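Asks: Build the full structure now, drawing on both the sequences and the hints.
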Amino acid sequence: MPVRVVDTATPSSQSSSGQEANAVQPSPPSCSLLTAGRCFAGTQNVSSLQKDEAWKVNVRIHGCDIEQGYLCGTMEALNVPLADTP
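Residue numbers (our numbering): 1 to 86.
None of these hints come from the bench; they were simulated from the model. Check the hints yourself; a few may be wrong.
[Said to hold, decoys possible] With beta-carbon atoms standing in for the labels, derived distance ranges: (1) ASN79 to ALA36: 26 to 36 Å; (2) MET75 to ASP52: 12 to 22 Å; (3) LEU34 to LYS56: 40 to 50 Å; (4) LEU82 to VAL24: 44 to 54 Å; (5) ASN45 to ILE66: 22 to 32 Å; (6) VAL24 to ASN45: 36 to 46 Å; (7) VAL24 to SER48: 46 to 56 Å; (8) VAL24 to ASN79: 45 to 55 Å; (9) LEU49 to VAL80: 14 to 24 Å; (10) PRO81 to VAL24: 41 to 51 Å; (11) LEU82 to SER32: 19 to 29 Å; (12) CYS31 to ASN58: 18 to 28 Å.
All of these numbers come straight from a predicted model, not from anything done at the bench. The beta carbon of each residue, even a glycine, is placed where N, CA and C say it ideally should be.
Replies: Here it is as structure tokens:
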């Protein structure tokens with residue numbers, strides 16, 4: 001499911017230089033790690049009072065728009081303890 005990140009912070013009425021706070025902000029730099037088709041593999045670790053558990057995860061980026069705060073991807077979890085399906 002795609003998730004859109006929205007910054008809800010309220011800027012102050014004036015910046016320290018005296019310019020209007022709602023002046024156009026420059027776009028954030030692009031990031032080559034967040035491009036469509038990129039894949040990542042890692043381990044998810046969960047620690048509880050009873051025991052520590054870990055399983056492998058694979059992540060694939062499907063789309064990203066930094067200016068709009070949009071990132072879409074999928075995560076596959078492998079061999080999750082107590083999972084209903086393998």
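Asks: Would you list, in rising numerical order, the hints stated earlier that this structure does not obey?
Replies: 3 and 11
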